[in-house]
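Q: The opening position of the sequence shown corresponds to residue 1 in UniProt numbering, with each subsequent residue numbered one higher.
Just so you know, not all the hints are guaranteed correct.
Straight-line Cα separation of at most 27 Å, DSS-like style, residue types lysine-lysine; simulated pairs [stated by the list, open to error]:
| id | residue 1 | residue 2 |
| --- | --- | --- |
| 1 | Lys737 | Lys721 |
| 2 | Lys639 | Lys942 |
| 3 | Lys48 | Lys103 |
These are computed hints drawn from the structure, not numbers from a lab.
Just so we're clear, the structure is a prediction, and the values are computed from it rather than from any experiment.
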Amino acid sequence: MAEKKTKAARPAKAARTKTAAAPVADSSIHNTTEDSIFIKGARMHNLKNVDVSIPRNKLVVVTGVSGSGKSSLTMDTLFAEGQRRYAESLSAYARQFLMRMDKPDVDHIHGICPAIAIEQKVTTRTPRSTVGSMTEIYDYLRLLYARIGKTFSPISGREVKKDTVTDVVDFVGTLPVGAKVQFIVPLVLRYKRTLEEELNILLQKGFSRIYVPAVDERPLRIEDVLAGTVSAGKHKVYLLIDRIVVKEQPDEDDLHRLADSIQTAFYESEGECHVEVNGKDIHTFNNRFEADGMIFDEPTPNMFSFNNPYGACPKCEGFGQVLGIDEDLVIPDKTLSIYDGAVACWRGEKMSEWQQAFIRSASRYDFPIHKPVADLSAAEYELLWRGNDRVNGIDDFFGMVEQNLYKVQYRVMQARYRGRTTCPECRGSRLRKEALYVRVAGTPIADLMVKPADELAVWLNDLRLSEHDATIAKRILIEVNQRMKTLLDVGLSYLTLSRLANTLSGGESQRIQLTKFLGSNLTDSLYILDEPSIGLHSRDTERLIGVLRSLRDLGNTVVVVEHDEMMMRDADHIIDMGPLASHLGGEVVATGHYKELMANEASLTGKYLSGTLSVKAPAIVRKPTGKIRIEGCRQNNLKNISVDIPLNVLCVVTGVSGSGKTTLIKQTLYPALMKHYGEGTDRPGIYKSLSGDLGNIAQVEMVDQNPIGKSSRSNPVTYIKAYDEIRKLYARQPLAKIRGFEEKHFSFNTDGGRCDTCKGEGEVIVEMQFLADVHLLCESCKGKRFKEEVLEVTYRGKSVYDVLEMSVDQAIAFFAEEKKLATALQPLTDVGLGYVKLGQSSDTLSGGEAQRVKLASFLGKGKAKDKVLFIFDEPTTGLHFHDISKLLGSFDALIEQGHSILVIEHNTDVIKCADHVIDIGPEGGIGGGYVLYEGPPAGLRKVKESYTGKYL
1 MAEKKTKAAR PAKAARTKTA AAPVADSSIH NTTEDSIFIK GARMHNLKNV
51 DVSIPRNKLV VVTGVSGSGK SSLTMDTLFA EGQRRYAESL SAYARQFLMR
101 MDKPDVDHIH GICPAIAIEQ KVTTRTPRST VGSMTEIYDY LRLLYARIGK
151 TFSPISGREV KKDTVTDVVD FVGTLPVGAK VQFIVPLVLR YKRTLEEELN
201 ILLQKGFSRI YVPAVDERPL RIEDVLAGTV SAGKHKVYLL IDRIVVKEQP
251 DEDDLHRLAD SIQTAFYESE GECHVEVNGK DIHTFNNRFE ADGMIFDEPT
301 PNMFSFNNPY GACPKCEGFG QVLGIDEDLV IPDKTLSIYD GAVACWRGEK
351 MSEWQQAFIR SASRYDFPIH KPVADLSAAE YELLWRGNDR VNGIDDFFGM
401 VEQNLYKVQY RVMQARYRGR TTCPECRGSR LRKEALYVRV AGTPIADLMV
451 KPADELAVWL NDLRLSEHDA TIAKRILIEV NQRMKTLLDV GLSYLTLSRL
501 ANTLSGGESQ RIQLTKFLGS NLTDSLYILD EPSIGLHSRD TERLIGVLRS
551 LRDLGNTVVV VEHDEMMMRD ADHIIDMGPL ASHLGGEVVA TGHYKELMAN
601 EASLTGKYLS GTLSVKAPAI VRKPTGKIRI EGCRQNNLKN ISVDIPLNVL
651 CVVTGVSGSG KTTLIKQTLY PALMKHYGEG TDRPGIYKSL SGDLGNIAQV
701 EMVDQNPIGK SSRSNPVTYI KAYDEIRKLY ARQPLAKIRG FEEKHFSFNT
751 DGGRCDTCKG EGEVIVEMQF LADVHLLCES CKGKRFKEEV LEVTYRGKSV
801 YDVLEMSVDQ AIAFFAEEKK LATALQPLTD VGLGYVKLGQ SSDTLSGGEA
851 QRVKLASFLG KGKAKDKVLF IFDEPTTGLH FHDISKLLGS FDALIEQGHS
901 ILVIEHNTDV IKCADHVIDI GPEGGIGGGY VLYEGPPAGL RKVKESYTGK
951 YL
C-alpha cells in the first residue's frame, strides 16, 4: 500500500453492517444521487479537504502516483468509516474501547454500504491454514466425501456397505409373487451358555422355532428340541424370525410386519439378517459397517478435517510433517544415481556395504542403478526407501542405526540426517488412515488436495455420479465449482489445495480472499481492493478483471486501488489522485472513464495512458561483463532447464503466474549462490551445476517484499542509518548542551529522553478478549514519543518529533544546509519514496515500499569495492508509471556502480527497458517450466508461444 495507515484505521475485521449514514443537512448532498457514495471534506493524512462521489454498483479504479492519497481516501477514510459504523452495533463493553478510536477526519460520508477490505498482506501465519481452507473449497469437499463417499476395504478392495431395513424390504419387493420367504439369523451362544440355556431364553422372548438346514428342511419347534423329541446335533443352527409369502399388493399391515421382523433379525444377531427364498437361496444383509473382519467408521465431515482430533493423523497431529529422517539430507544431490553414491549415509568403508548389497540385488527387479534419483519413478523411489523381501532399503538402514544407538557413532549418524520430514504414517496427507479408505469416483480426498487447481477443476467437471448420489451432491458441487472457477479466473490455477497459506505472496493471498468473498454471493456491499493485479501477468489480469466485473454484477460496489492500464481501460469510473506525492498531492485531479482521463490535461495518469508521457526504453543495450550459468534445474515444475544470468546489466525474468520464475530464481539460483559464497540459507532446489564468472561478484542480495522490521519502532529513517545524523544534530544544539542531553536522549529506543508511559511507542495497546487489539494514543506524550523537555530542543524551530512527522521530500528541503544528512535521505526520494514520513512505522509500509527502502539503503552506500548481484522480486508493486521511471533510474545507478541486477517482473515497461530477458512458460503449473526465450527484449515479440511477447 502506497500511503501510511494509522493503527486505528487498520482493518481488524471485515466491516459488515446495515447501518446507514444519518441524513446530514447540507446543500451539497442534493447534488449527488442515491446511486453514489458521497465523501465530503476528507482530510486524512495528506488529503486536502477532498469531496468525491463514488458511483454505486460500479467498478471504480482509484489511481495516482505513489503517495498521492489513494489509500488515505479508500482505506483510511472510506473503509475506516464503514468499520466504525460496524463497531456501533457491538456490545457496550467493546464499544467503550472502540469509540476511543480516531474517527476518519471527514465531514461526512453519505450512502456508505457494508464494507469489506481485501489487502495485499499474507493474512495468516499458522501452518494449519491452507489454500483449501482459506477458499472454503476443502470444507465443501469434506461434506461431499461425508455424504456420497464410498468406503473400500484396504484388505480386499471391496466396497464396505451397510444394509438398512429399507434395503431388505426393497429386496423382498423384487421377489416373484407367491415366493416363500423365511427370515433367519445365526444362533449365537452368548456368555458361555449351552444350547439348551439359549433356547430357553429365546422361548421366554416369544420365539418358537429354529431352523437347522442340515437336519430338516422344515423349521423345528424349540419345545421339541428341549424335550429331546428332535435333535439339532452339532450342525449350524438358525433362529427363525418370521415366514411370509410374497403378495402382489401387500397392504400397510403386511409392510409393518415385514419391517418389524427385519428389525428384530438385525437386533437378535447384532447386525445380520438372512433371507431364504423358497428353501434354496440365502441372501445375507448386514447393518454393521464392516468387511474382511474390520469395522469401519461411517464417514462424517470431521473425519476429513486435519484441524479436528477425530480426523487428524495421530502421529503428526494434522501437520503433515514430523521430526524424522530428512530425505533431502539423505539424498542431497538428486542428479546422482545410486551407483554414483546418491545416498549419503551409504558412503564410507563400512556403510558402503549397504549400497553394494542394493546394487547386487538390483538386477532381480530391474532397478535402474545408473539413473539419477530425480528421474526415478514413484515405485522405484519407494523401493529405494522401503526395500522389499529381497533387499534392504534406506528405512531398513536407519532401523539398524536405531538399534545401535547405545554406540556414540550411531547417535551422531542419526542426528546428522534428522530434520522435518513428511509424516510416514499419513504420507503428508495430514489425515488418519481411515479417512483415506473413503473414495468418490475411486479417488481419496488426499489425492484431490495435491492436484493443481486446473487439474482439480477437470476432475470435478468429469465427475460421473449415480442418480441418487448426484441428487445429494448437487448443491455441494455448485458451491465447489463456483469457487474453483473464481480460483482459476484470478490466475491461481497452479496452486494446490494443500499449499500452506503462509507460503503465499501478498497478491496470491489477496486473490484467494477474493475467491472466498465471491463464493459467498454477498450483494449490496462495498469491496475495497488494494492492487489485486500484483504478481499477475497481463494474460491473467484480463481474467481478474472478469472476476471483478462479476462481483460488480452481483450488485456490489467494487473500489480498486490500482496502477494497471488494462484495469483502468475496463473500469466504469476512474478517480485520479495527485497531482504528485505527499504534501504536493492529496487532491482529486480528474474523474470519469478512461477516455475522459486521457483528454484531461491536468492528469499525469492520463498523459501516460494517452502516450504523451511514457517510460522510454534505453537507446543502447548494455553489454554484460560476464555471466553465471545454472544447469539442470528441475525443482517443482522446472523441466531440467539451464539459464545464463548476465552480469553488470539489468536482467528480467518473466512469464505467466506459476510458470516457474520464483522456483528458478528464489528457490534454486539464490540458495545455490549463497551456498557457493559460504552463507547459510534455505536448501536450494534440485539443480546439476553452477558455473561461470562467479569471481566477478562478491555477494548476493535478495531484495524482496518482506517487512524491513517487525517492530513498530523500526522506520525508514533508522533503516537507512540517517536517524543517527539527526540525533547528532539535535545533541549539538545549545539548549541540549545546557541540559546535558546526549544523542541517546533523542532516541525513542532507549531510556532517557523517551516518554516513560508508552516507552517511546507513541501509543498504548489495549488487549481485547475476542477482537483485535486496539491501539490508543498515549495520554502522557499525546503520541509524540518524547518527554516535554526533550521536545523543547529545536533546530530551526522544529523539535525532533516535528522532523519525524516530515515527509522525506520536506526533510531534504528542511536540512538543505546539513549536506551529510540531506545526502543520506536522497536515495529514498530517488526510489520514489519522497512521500513517506521519516518516522512512519515499518509495519505500516506495503511490501513494495519495504522493498524500495532496502534498495535506497544500498544506493546510499555509494560506490563499493565489492560487486553485488541484486535479486528483486516484483519491485514495481504499488508503483505508478511515473514512479517506475524513478525505479529504473535507481537500477541504472546501481549498474553504474558495477553491480548486477536480476528482476522477477511482469510489468511491460520494465521488460522493455531490460538489457536481457529470460521468459519462462508457456503456461503456469505443469504446463510451464520451459525456457521460451533468452536475449534482448526486442526478440521476445517474435516468440509465438510467449504470452509476454504478445503483450509487449
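Q: Evaluate each hint against the coordinates.
A: Results for each hint:
Between Lys737 and Lys721 the alpha-carbon distance is near 23 Å, which keeps this suggested pair within the 27 Å criterion. Simply put, Lys639 and Lys942 have alpha-carbon atoms about 23 Å apart, close enough for the 27 Å limit, and the pair holds. Distance restraint check for Lys48 and Lys103: the Cα-Cα separation of roughly 17 Å lies within the 27 Å cut-off, and the hinted pair is therefore satisfied.
In terms of the numbered hints stated before, the structure departs from none.
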